[in-house]
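So the sequence lines, in the order shown, correspond to chains E and V. Quick note: the first sequence, position 882, residue 882 per the numbering used here, numbers continuous. Quick note: the second sequence, position 42, residue 42 per the numbering used here, numbers continuous.
Treat the hints loosely; a few may be bogus.
Beta-carbon label-pair distances, calculated as ranges [to be verified]:
1. 56/V x 115/E: 50 to 58 Å
2. 92/V x 31/E: 16 to 24 Å
3. 76/V x 59/E: 53 to 61 Å
4. 59/E x 92/V: 54 to 62 Å
5. 92/V x 161/E: 29 to 37 Å
6. 31/E x 56/V: 55 to 63 Å
Not close to chain V: a few residues of chain E, all C-beta gaps over 12 Å, as computed [stated by the list, open to error]:
7. 33
8. 41
9. 42
10. 45
11. 238
12. 432
13. 829
14. 859
Source of the hints: derived by calculation from the structure; they are not laboratory data. A virtual CB, placed ideally from N, CA and C, is assigned to each residue, including glycine.
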Amino acid sequence: MKMEKLMPAETDNEVAALIKTLHETERRLEELTRGEVDTISSGAGQPFMLRRAQMEMRTSEAARQSAILNALPAHVALLDARGVIVSVNDSWAQFATDNTPRGGTPFGLGVNYLEVCDRAADAGSPDAPQAASGIRAVLNGAKEFSIEYPCHSPTEQRWFLMTVTPLFISAARGALIMHLDISGRKLAEAGRRANKKRLRDLIDGLGASMMVGLMTPEGILVEANSPALAAVGFSPEEVLGKPLVDSPWFAYSEEVRQQLRDAIARGVRGETSRYDMQIRGGGGQLIDVDFVLNPVRDESGKIVFLVPSGNVITERKRAETAMRESNEKFHQLADNITDAFWIRSPDMSEVQYVSPAFEKIWGRTVKSLQAKPEEWSEFIFTEDRARVVAAFAALSIATPSLDIEYRIVRADGEIRWVRVRGTQIRDSGNQLIRHIGIVTDITERKQAETELQWKTAFLEAQVGSSIDGILVVDEHGRKILQNRRMGELLKIPQVLMDDKDDEAQLRWVSNLTKAPARFTERVAHLSSHRDEIDRDEIELKNGMTLDRYSAPVVGADGKYFGRIWTFRDITERKRSMEALRTSEQHFKALFDQAAVGVAQADVVTGRFVQVNQRFADILGRSREELVHLTFAELTHAQDVAFDLKMMQQLIKGTVREYAREKRYVRKDGVDVWVSLTVSAMWAPDEPPGLCITVVLDITERKRLDEHFLQAQKMEALGQFSGGVAHDFNNILAAISGYTELSQMILKDNPEVREYLDAVRRATGRATDLAKQILTFSRQQPQERQAIRLQRVVEESLKLLRATIPSTIQFDTSIAPNAPTVLANANQVHQVLTNLGVNGWHAMQDRPGRLQVKLENWVVDEAQAAVQPQLRPGRYARVSVSDTGCGMDAATQRRIFEPFFTTKPVGQGTGLGLSVVHGIMDAHDGAVTVYSQPGEGTVFHLYFPADAGEIDIGAPPQGSTPRGSGERVLVVDDEEMIASMIQKILTRLNYAAEFATDPTAVIALVQADPARFKLVISDQTMPGMTGLVLATRLREIRATLPVILMTGFSASLTPERLEKAGVRAVLSKPLSVQLLASAMDTALAAKPPSTP
Amino acid sequence: MRPRENANSAVRFLLYVADDTQNSVVAVNNLTAICESYLPGRYEIEVVDVFKQSDRALADHVFMTPTLIRLAPAPVRRIIGTLSEQEKVLHALGLGPAAA
């Protein structure tokens, strides 16, 4: 050793001495302390353990470590650097002993373990070389080495794990070798592997129709068998380790996934789920499976896995299942059901099976039937036998089964009804193999049926044929019965009709009604008031009216079954009632408001029974008043007799109705003209009790008729008086003319001139009279101009005021805007004078008021209707009213007649108002009168407005124009007149000639057309009128002026005059002044142009 | 060893030992047995390893282990050895039937 070389040799003795001292010291200490001290300390306090104590400690430590090693299950050995075993534990020692081959060296202490391993390798141990190299590597510095190796003993299979751990012992390298018996683990592993394989083979071998998997409680699929994978065509990697719900089998439908989730949730709770479902195959097809999800528990009961499986449901399986179930059911049923069940041989001769119920139904034993199967048909009730036997005989391939009801006779003689359902059973080759049949005892049912059939038939016939809609509901509002009519009436949809619950139908019906709330309320009320019977009229929105009746349905024992509702269509009835009411109303309205009076009267007493308002109005009495009166009391005295006579005829029946015009007397005494139709009201075989009188007020018509008659009368009077006046005029003209001539001649005899003046004045008055007559008869030629009446009225009033005493007050009202009229101012003057004087006279010198009014007036249709002489339009109306004695109606009707006068004889001509009438007619106007006796009178004069120019023509005035010796011809058939005019014209400085024959005049003018400057001719001449003469003369010489004279000139229209070239028309008798003017004008004027 | 809970008891011991040497272990066992028998609930033992607290052994003038020092009650007594001769130990400590 190097250390020995470092120490000097001389120190050896001292060291040896010190060691000796040390040992001596220690020995002495031990003696002194008897070995009870372990350490001693130096003076510096450093403890020094005694050798004995050190030994004891070392021994103790080794023992402890050995104990630990020995306690290990492993075989532990300590190798030195060369691989020699330096230490082993007990188990290694035991193992080495046990496993040393016979005659071999035990690999105990002192044995080189590497050599052991090498030998084992040489002996063929497969793992030994690896073990040896591993140990060497560790001894050479490698960290660690381990190897598992089999070490099978003759009796058992063993595996060991050898670990080699490096170890340093006293600075030398070594290794700790440990063999651990891992046979248990190895065997377990191998077992598990084998189990797994077996399980795999098992689940794979379940068949292509059984799909099985394994998943964690979280639903992760960890295993799936081949059929399952094959079904989707996936490799395990594609589905394993993933949630099963997301797998292709399930992922196609959310519903299916949810089912699976639920099943997993149940599985986790330890429940098994089983249901039929469809999984999706790889080709997209759906496969029906009987799906089961089972939980798997470990030893502690914890759910560790879930096993999903799907058994493909094939047709065969279905059939098998069905068959199995069917068999089970058969046995359960056949032996237990009350129905009898039998199986017979194909020819029916043998009973192969009959269930125990047979005995109950037939009252015979099963054995007796099996003993004599042919007797079955003898038990059939005689009447039914042939039918039943025939039905069984008729069974064939086409008709393999029957369902027949018939009667049997039991052993005790009782007759029972049975229903037999029999079927031929054939094999796949259509070979009949057996008959089976089920027999049900339906006797009770039949009896009940028969009874019910009767009842039902009766009820249905009643309900079905009812014109009412009928509904019967039970106490819960469910429909028991409802007829078709119900549906028709209320238009109930079939789906509601079929609905057993009444609720929806009730809503439907209620919605049809006009008052759904009321309907619903009534129904609710009645359903809670069971005893009530209720009837109501229901109006539907469609116009229908239903009579709704509801009554409880109560059984004989008083049990409440429900309620019957009937609905009857009473629309027509309601309508006809309504129509009747309407008709009555209409009739009443017609009666009350008719434009004609209608009255019902008793034919015998003549008393009014009923009158309408119009009738009352016509008679001026109230309806109440009238029903207390008889027609005779109301009829004008002069008209009663005829009615009374006709009434007798109505009663006798010789006359049924009559019509007439008669007068009633109103309450105010005024007569009312009516057109009357009286009809008897007939009752069969009875004399008429009442008559109907229809009355039309014709007072107005009567009045118009009178107007018409008046006009006709006036016209006739006019014609007559016109004719008279004409002749009269001619005579007066002669008197007047010759008087004037006499006066001209007797210029120097004042006395005769005075007489002649008297004659002239008288003649003048006579002429005026004749003129007035002519005016009234409109035979006086009118010269009308467009004038304003204001001035004429004012002038007339001035004259009247001068004439009438001041006791009569004048009221004047003149509208400045009264329209222009086409009028003859002189005639208007005359009209006003006549009316004014008349009014004065009516006031008979008593103080009074005379009112004259000129105003704008518009005649409307209404006024025109009652005053036929007026047409609608604008008028200037002049009213003259007095406060005099007035007139009654009769007087009013006659005042315009000529010569009618109320004045004493000699005080009036009776022509004044007729002249007014004539003038107003000639002015296309009218005069009307309103008067009441004692109330005064008002006359209205209507002048039609003229749109033309206003020309206030001044009457011709000044000196008489005279001729310049012009040659003129006077033509008149009356020589006296012609001569007189010729003389007058001569006096007026004309060279006048006269002729009496118009034909001669034509010849004369033809002979010398220029001989006369003018021709003045009478119009009315025998052989030729003045107008014709004028026309002829114009043909000869167009420029020859002609003047016509006429007293009667109706036919002379301005057109004809102009056509004939007549320059002027003079009315006879002639005034010299007018004649002179006309002559002068005609000669001065230019000749009319020749057409 | 840790002091007994009864810190105010009359008898307090300080036992010097050396690691787990045989005599030291025996001394600890013997002392504990004596205290449990004669001073139940009235003693306190502190065990000091001289290899770990050699300066403290020096301060207490302990030159050998095991050494037991009775700190209280006074006077301080020292006993060296395994304390196996119980009568002598009890006599030295003033305990035991004779003393009582």
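Results for each hint:
For the pair residue 56/V and residue 115/E, the beta carbons lie near 56 Å from each other, so the given range of 50 to 58 Å is met. Against the hinted window of 16 to 24 Å, the Cβ-Cβ separation of residue 92/V and residue 31/E comes to about 21 Å, which satisfies the hint. Separated by about 36 Å at the C-beta atoms, residue 76/V and residue 59/E break the suggested range of 53 to 61 Å. In this structure, residue 59/E and residue 92/V break the distance hint of 54 to 62 Å, their C-beta atoms being roughly 31 Å apart.
For residue 92/V and residue 161/E, the hinted distance range of 29 to 37 Å is not satisfied, since their beta carbons lie about 59 Å from each other. Against the hinted window of 55 to 63 Å, the Cβ-Cβ separation of residue 31/E and residue 56/V comes to about 28 Å, which falls outside the hint. The Cβ of residue 33/E does not lie farther than 12 Å from every Cβ of chain V; its closest approach is about 7 Å, which violates its non-interface assignment. Separation of residue 41/E from chain V is inadequate, the least Cβ-Cβ distance of about 5 Å not exceeding the 12 Å criterion.
Non-interface status of residue 42/E relative to chain V is broken: a Cβ of that chain comes within 12 Å, the nearest being about 8 Å off. With a minimum CB-CB distance of about 3 Å to chain V, residue 45/E fails to clear the 12 Å threshold, and the non-interface call is violated. Every CB of chain V is more than 12 Å from the CB of residue 238/E (nearest about 66 Å), matching its label as outside the interface. Even its closest Cβ contact with chain V, about 106 Å, leaves residue 432/E beyond 12 Å, as expected for a residue assigned away from the interface.
For residue 829/E, the condition that its CB be more than 12 Å from all CB atoms of chain V holds, with the nearest at approximately 172 Å. With a least CB separation of 152 Å from chain V, residue 859/E remains clear of the 12 Å interface cut-off, as annotated.
Of the numbered hints stated above, those contradicted by the structure are hints 3, 4, 5, 6, 7, 8, 9, 10, listed in ascending order.
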